[in-house]
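Novice: Chains V and E supply the protein sequences, listed in that same order.
Numbering-wise (my numbering), the first sequence opens with residue 1 and increments by one.
Numbering-wise (my numbering), the second sequence opens with residue 1 and increments by one.
Some hints could be false.
Each computed DSS-like pair below joins lysine-lysine, with the alpha-carbon atoms no more than 27 Å apart [as the list claims (entries may be wrong)]:
# : chain 1 : residue 1 : chain 2 : residue 2
1 : V       : Lys-139   : V       : Lys-122
2 : V       : Lys-122   : E       : Lys-196
3 : V       : Lys-139   : E       : Lys-187
4 : E       : Lys-204   : E       : Lys-187
5 : E       : Lys-187   : V       : Lys-122
6 : E       : Lys-204   : V       : Lys-122
Far from chain E, by Cβ distances over 12 Å, these chain V residues were calculated [stated by the list, open to error]:
# : residue
7 : Arg-46
8 : Gln-52
9 : Arg-138
Think of the hints as simulated: they come from the structure by calculation, not from any bench.
Keep in mind that this is a model prediction, so the values were computed, not measured.
Ideal Cβ placement from N, Cα and C applies to all residues, glycine included.
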Amino acid sequence: MINSFSSSPPSSSSSSASNNKPQQASKWRSGTQHKIYGRRLLDALRATGGGQPRAVKAAADSALALTARGQTRWSRAILLAGAACSRRRVLVKAGGKIRRRHRRPQQQQAMASKSKAAGDGKVQERLRVLGRLVPGCRKLTAPDLLEEAADYVAALQMQVNTMRALADALAAAQLSDANAD
Amino acid sequence: MRHPSPPQQELPTTGGEIQAALIPAGAAGPAAPASSAAGRGGGGSGGSFTALLGLPTSQAMELLLPRATGAPPPPPAPASAPAPAPAPTFPSDPHLVDRAARFSAFASASPSPPSPPPPPAPPAGKRKPDPADRASKGKSAKKGKTAEEKPAGGDGEDEKPAYVHVRARRGQATDSHSLAERARREKINARMELLKELVPGCSKVSGTALVLDEIINHVQSLQRQVEYLSMRLAAVNPRVDFGGLDSFLTTECGRIAGLNCKNGIDLEQVTWSEMGVHGARHLMQLQQQFWHGDLAHPHQAASQWEKRVDGHLPVFSSSSPSLFGYDLTSSGKIACNSITPS
Chain V
1 MINSFSSSPP
11 SSSSSSASNN
21 KPQQASKWRS
31 GTQHKIYGRR
41 LLDALRATGG
51 GQPRAVKAAA
61 DSALALTARG
71 QTRWSRAILL
81 AGAACSRRRV
91 LVKAGGKIRR
101 RHRRPQQQQA
111 MASKSKAAGD
121 GKVQERLRVL
131 GRLVPGCRKL
141 TAPDLLEEAA
151 DYVAALQMQV
161 NTMRALADAL
171 AAAQLSDANA
181 D
Chain E
1 MRHPSPPQQE
11 LPTTGGEIQA
21 ALIPAGAAGP
31 AAPASSAAGR
41 GGGGSGGSFT
51 ALLGLPTSQA
61 MELLLPRATG
71 APPPPPAPAS
81 APAPAPAPTF
91 PSDPHLVDRA
101 ARFSAFASAS
111 PSPPSPPPPP
121 APPAGKRKPD
131 PADRASKGKS
141 AKKGKTAEEK
151 PAGGDGEDEK
161 PAYVHVRARR
171 GQATDSHSLA
181 ERARREKINA
191 RMELLKELVP
201 GCSKVSGTAL
211 VLDEIINHVQ
221 SLQRQVEYLS
231 MRLAAVNPRV
241 DFGGLDSFLT
251 TECGRIAGLN
261 CKNGIDLEQV
271 TWSEMGVHGA
281 RHLMQLQQQF
291 WHGDLAHPHQ
301 AASQWEKRVD
311 GHLPVFSSSS
321 PSLFGYDLTS
331 SGKIACNSIT
341 PS
């Protein structure tokens, strides 16, 4: 299994899983991504004013998107939402626009075939719901949407694990400090 | 018990510290006894350290310790002393390089076996024999039916000049439209398989709609968990300063200065929060970022900020995500930029 391969030895996974195969969602299982994201998350948390869950969540999501290195659509959408810099917005949008021109002739055919093969109504509706859930993927075709969703699910899982570990560690440290004082 | 350098040498350079902190103690447990066993020249079998080398423990010991004697040296002194010494010799060791090459070759070879199985797997999973579908062309023939995978000997047109690699199955239409659509459907099915593996509990469910239901539920639950955890972190943040986090991440070597400062700042934190100053939490955050670079005079600086912060608080918190977007790697710069003490 590809997943088990990437997660077992951290030294080899850092070289192969995270760099050579950006399409594989399994890279999120590797320990190095865990560490990279943990670092970024802490930096982000330091930068926030603290005490506001909204800011913390935005910081965590932006850190996650950064760790994704902008290779996926959802990560670019998150970074776009956070970046106030017009320069970056133009860059990312330009990349998105170029890609859209390539996809248009394929999109119509793909959507026609998707409706035929996938049993119309219910599946279509659920695909639309999924598109709304994954940031920046509202108007995606089925295979792209599914790919983005796979990567997003893996990334979210890693985010949850890291944040939970961090919150537990902080709470434990806080308790020990309170007891020590 | 501290054996800082040996484990950190083996882990990737992005920092073994977080791994020590975030990965539960069960995983860190074997690593620590393995390193202590390494110090004693003994035989803990396959601790993560020696297992990474891919060598039996005895050979790893020989490489690690400068003197290949059988006498076990006392743990603390040589654990730290030989650690810098063998470090430069590691890459030059031909034995190790050979092992590393074999290891990576093994690593690169393993993805290739899994890749052929997935393409046959989706059609095998959705196999529906249709022997009667021989002569029918057109799209209704292909709808939801994939014949068993055999080499398309009976079909006239097996290969296409196009770049899409799809094997036309026996008894299926082979015009370019249907082939292209079949290729796309196979892509969709492959992605669905991937998703099914990711989302727990999807392997039992059959049918695209139900699987998608499960996926949607999973994504929503993950997002809710993120919100809940961010609320927890936000609640925890003001009390715990990030000097404590430094002690978490960089376990031993590294910011010992942060540790000392953390102990000094803690008392002040308690007093600040007790005073109930408006925005005292934000004050503490600013305070930490300030002494991140400079330890001088938190009292004076805090009094200055008291006047500034009241008016600038909303600006600060809303601008932090935008600042965030610039560059996360240089956190020091962000701290200095965001504070701008006059």
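Novice: Does each hint hold? Answer for all of them.
Specialist: Against the structure, the hints:
1. V:Lys-139 / V:Lys-122: OK: V:Lys-139 and V:Lys-122 at ~17 Å, within 27 Å.
2. V:Lys-122 / E:Lys-196: Holds - the C-alpha atoms of E:Lys-196 and V:Lys-122 are around 18 Å apart, at most 27 Å.
3. V:Lys-139 / E:Lys-187: holds, 18 Å
4. E:Lys-204 / E:Lys-187: Holds, because 21 Å separates the two Cα atoms, which is no more than 27 Å.
5. E:Lys-187 / V:Lys-122: Given pair E:Lys-187, V:Lys-122 holds - Cα atoms ~20 Å apart, limit 27 Å.
6. E:Lys-204 / V:Lys-122: holds, 19 Å
7. Arg-46: violated, 5 Å
8. Gln-52: Violated, because the least Cβ-Cβ distance between V:Gln-52 and chain E comes to about 6 Å, which does not exceed 12 Å.
9. Arg-138: Holds, because the least Cβ-Cβ distance between V:Arg-138 and chain E comes to about 14 Å, which exceeds 12 Å.
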